[in-house]
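*Asks:* Residue 158 in numbering that gives the first Met the number 0 is what sits at position 159 of the sequence shown, and the numbering runs on without skipping anything.
What the hints contain is simulated information worked out from the structure, not anything from laboratory work.
The reader is advised that the hints may include incorrect statements.
[Stated by the list, open to error] Derived SDA-like pairs: lysine to any residue, alpha-carbon spacing no greater than 25 Å straight-line: (1) Lys142 with Cys115; (2) Lys153 with Ser184; (3) Lys86 with Gly67; (4) Lys129 with Gly188; (5) Lys168 with Asn131; (6) Lys126 with Lys153; (7) Lys142 with Arg68; (8) Lys168 with Val134; (9) Lys73 with Ser15; (10) Lys153 with Asp143; (11) Lys126 with Gly85; (12) Lys142 with Pro27; (13) Lys129 with Asp190; (14) Lys142 with Arg78; (15) Lys142 with Pro205; (16) Lys168 with Arg68; (17) Lys73 with Asp190; (18) Lys86 with Leu130; (19) Lys142 with Thr51.
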Amino acid sequence: MEAHLQLASANLPTISFGTGSLVRLPGPTVHQPNVYHFNSTTYQEIHQELATQNTPLYTANGLLNMLGRNLTIKGFPERFQDWVPGKPRLEHASDQGAAGTESGAVDVVVTCEERCFDAVLDDLHNKGGKLNRPVHVFNVDIKDNHEEALVGGKGILDLALSLNEAAGKEREIHGDNGWDRGSGSARGGFDERVPDILAAWQERWPNLPALWSLAWV
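Start from the sequences and build out the full structure, keeping to the hints where you can.
*Replies:* See the structure below:
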């Protein structure tokens, strides 16, 4: 969610998901996590429940601060496997001219853990690429703590801005109308540049190991 915050603050259209079966947050012991359902339990509800349970504990471990940040970003945690490519995520989004992520279209997916990277690729494969639209899937490995999340969020933002700049240059060359077409188009030129963009980014962020794969939605 730190990466989501930094991307959204830079005015990049962003949506965020989990990939597990349930939302699992630290509890009073390692063997007693707090468990919630995706797509229904709001961050506000989770924050209120944990504050009622044990405010000192969840303040000390940073959980209430994290949830307070999250509830300012979005209403509730969502699960990637429930996302439907091409389906608007907002009511009447297509009528209101919503573009990009909220219209159900994405060009880039970034995960922060290798198991999530694998889960995303498996899910995209299972969904069958019905839109016949390429999507670049990256994993930027980030340790699950506040300090690493801040650094990782900056690295992901740098990658997103580099990709966005390349897409803009290709649109200048080929025009906006060619974005969803193949080779010789703005989209084709962008796809071909991604490996070099990632290589240059990795030189700038050597402490953030990255993976990349091309998939379809």
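*Asks:* All hints are to be evaluated individually against the structure, with a verdict given for each.
*Replies:* For each hint, the structure was consulted:
Restraint check for lysine 142 and cysteine 115: the C-alpha separation of about 13 Å stays at or below 25 Å, so the hint holds. For the hint linking lysine 153 to serine 184, the alpha-carbon distance of about 30 Å lies beyond 25 Å, and the restraint is violated. The straight-line distance between the Cα atoms of lysine 86 and glycine 67 is roughly 29 Å, outside the 25 Å bound, and the hint therefore fails. Pair hint lysine 129 plus glycine 188 holds up; C-alpha atoms about 22 Å apart against a cutoff of 25 Å.
About 23 Å separates the Cα atoms of lysine 168 and asparagine 131, which keeps this hinted pair within 25 Å; it holds. Distance restraint check for lysine 126 and lysine 153: the Cα-Cα separation of roughly 31 Å exceeds the 25 Å cut-off, and the hinted pair is therefore not satisfied. Under the criterion of a C-alpha separation no larger than 25 Å, the hint pairing lysine 142 with arginine 68 is consistent with the structure, at around 19 Å. As the CA atoms of lysine 168 and valine 134 are separated by approximately 18 Å, the hinted pair is consistent with the 25 Å bound.
Restraint check: the Cα-Cα separation between lysine 73 and serine 15 comes to about 9 Å, which is no more than 25 Å; the hinted pair holds. Only pairs whose Cα atoms come within 25 Å are accepted, and lysine 153 paired with aspartate 143 is accepted, the gap being roughly 15 Å. Only pairs whose Cα atoms come within 25 Å are accepted, and lysine 126 paired with glycine 85 is accepted, the gap being roughly 12 Å. Using a Cα cut-off of 25 Å, the hinted pair lysine 142 and proline 27 holds, with the two alpha carbons roughly 21 Å apart.
Of the supplied pair hints, the one linking lysine 129 and aspartate 190 holds, its CA atoms being roughly 19 Å apart against a limit of 25 Å. As the CA atoms of lysine 142 and arginine 78 are separated by approximately 20 Å, the hinted pair is consistent with the 25 Å bound. The suggested pairing of lysine 142 with proline 205 holds, with an alpha-carbon distance near 15 Å, which does not exceed 25 Å. Distance hint between lysine 168 and arginine 68 is unfulfilled; the C-alpha atoms sit about 34 Å from each other, more than 25 Å.
Note on lysine 73 and aspartate 190: the hinted pairing is violated, with a Cα-Cα distance of about 30 Å set against a maximum of 25 Å. Taken as a hint, the lysine 86 and leucine 130 pair is honoured in the structure, with Cα atoms around 11 Å apart against an allowance of 25 Å. Only pairs whose Cα atoms come within 25 Å are accepted, and lysine 142 paired with threonine 51 is rejected, the gap being roughly 28 Å.
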